[in-house]
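Novice: Basically this note's numbering = 1-based index in the sequence shown + 216.
Mixed in with the good hints, there may be bad ones.
Pairs of lysine-lysine, DSBU-like flavour, derived with a Cα cap of 35 angstroms [claimed, not checked]:
| # | residue 1 | residue 2 |
| --- | --- | --- |
| 1 | 491 | 356 |
| 2 | 352 | 277 |
| 3 | 356 | 328 |
| 4 | 356 | 440 |
| 5 | 356 | 463 |
| 6 | 491 | 463 |
| 7 | 277 | 440 |
| 8 | 277 | 328 |
| 9 | 449 | 463 |
| 10 | 356 | 277 |
| 11 | 440 | 463 |
| 12 | 352 | 328 |
| 13 | 491 | 449 |
| 14 | 463 | 277 |
| 15 | 328 | 297 |
Pair ranges (Cβ atoms, derived) [stated by the list, open to error]:
| # | residue 1 | residue 2 | range |
| --- | --- | --- | --- |
| 16 | 442 | 294 | 53 to 61 angstroms |
| 17 | 491 | 333 | 42 to 50 angstroms |
| 18 | 402 | 524 | 50 to 58 angstroms |
Bear in mind the hints are in silico, worked out from the structure with no lab data behind them. These figures come from a predicted structure and were not determined experimentally. Cβ coordinates follow ideal geometry from the N, Cα and C atoms, glycine included.
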Amino acid sequence: MLLASVALVAVGASAAPAVAAREQRYEPGDDPAAINFRLLDIPTARAEDPRARVYIIDHLKPGATISRRVEVRNDSPATQKIELYAGAASVENTAFTVPDDRTGNELSGWIKLTTAAVELAPGERDSVAVDIAVPKNASKGERYAAIWAQVTSGSKQNGNVVQVHRVGIRVYLDVGPGGEPPTDFRIGDLAAERGIGGLPVVTAIVTNTGERALDMTGRLTLSKGAVQAGPFKVTNGVTILPGQSGKVRIAVDQSLPAGVWDVQVFLASGLVERKAEGRISLPVAAPMELAQSPRPIWLAYAIGVAAMLVLLVLVGWYLARRRRTRFTPGHRVS
217 MLLASVALVA VGASAAPAVA AREQRYEPGD DPAAINFRLL DIPTARAEDP
267 RARVYIIDHL KPGATISRRV EVRNDSPATQ KIELYAGAAS VENTAFTVPD
317 DRTGNELSGW IKLTTAAVEL APGERDSVAV DIAVPKNASK GERYAAIWAQ
367 VTSGSKQNGN VVQVHRVGIR VYLDVGPGGE PPTDFRIGDL AAERGIGGLP
417 VVTAIVTNTG ERALDMTGRL TLSKGAVQAG PFKVTNGVTI LPGQSGKVRI
467 AVDQSLPAGV WDVQVFLASG LVERKAEGRI SLPVAAPMEL AQSPRPIWLA
517 YAIGVAAMLV LLVLVGWYLA RRRRTRFTPG HRVS
């Protein structure tokens, strides 16, 4: 999950540090500034949707308002002031993308939190209401944002280093009249690539044929006669916009006997699941490298071709001149 436990480290030489160029990830308990952030409310209509359990996903008509609750918990050993705010998000190159700073967008401007900060003792938690109000003149379409819980702290070792730790919850909000647009996708070609250590990676091209963004999850199984392997989970969680395609990758993290294997891929986005079958050959061949001729040989070929062209030009010029001479008035033709 892109927004889970993300710590952005900013380093500067003055009291106003620069934006981080480095991103770190922490597990709860690993980071002295660790905070946990989760969604509490799930709409009844989406109770079975695994995406709706971790993201705010909804469809609203212009002028409508919804309210959700989020919970923030201090998992660090010290009391912390945790800031809460909404920020911009977008989907770029099949990735749910957020800026490093507090840049906003149209959707983040519609989001209001009941408080901008909470102070929590170690192990303490608190819930905060999140209201999303869509203007009556809002245009049709799906929008993206993120709700953040953030801790900012200085470094005891170096006074000009500031650490910014934040965790977030994605927001997918579709706006328009009528009911919610459909979610659907199509699985295209299955193929195999060489992964880390030469182990295979099965890939599937997924095309979003619906009208809502997709967050791809799924699994892969392989069989060869009586031998079976898997299931293996989707390695890269891609987000695919309507009308676009993306490559889903599933790493096979074990060695398998050589030969032709039957593969079954089950992919899902929320409650929509599709299956595809195919065959791959193992082991996957390494990418071919084109051999390059040594420079002296290449140069000799180039000089030879140039000389041949010059010779052809001279011969053509000579023949043309001789033909004009033979037919010039005043000369007798034998």
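Novice: Which constraints among the numbered hints does this structure fail? Numbers only, ascending.
Specialist: 4, 7
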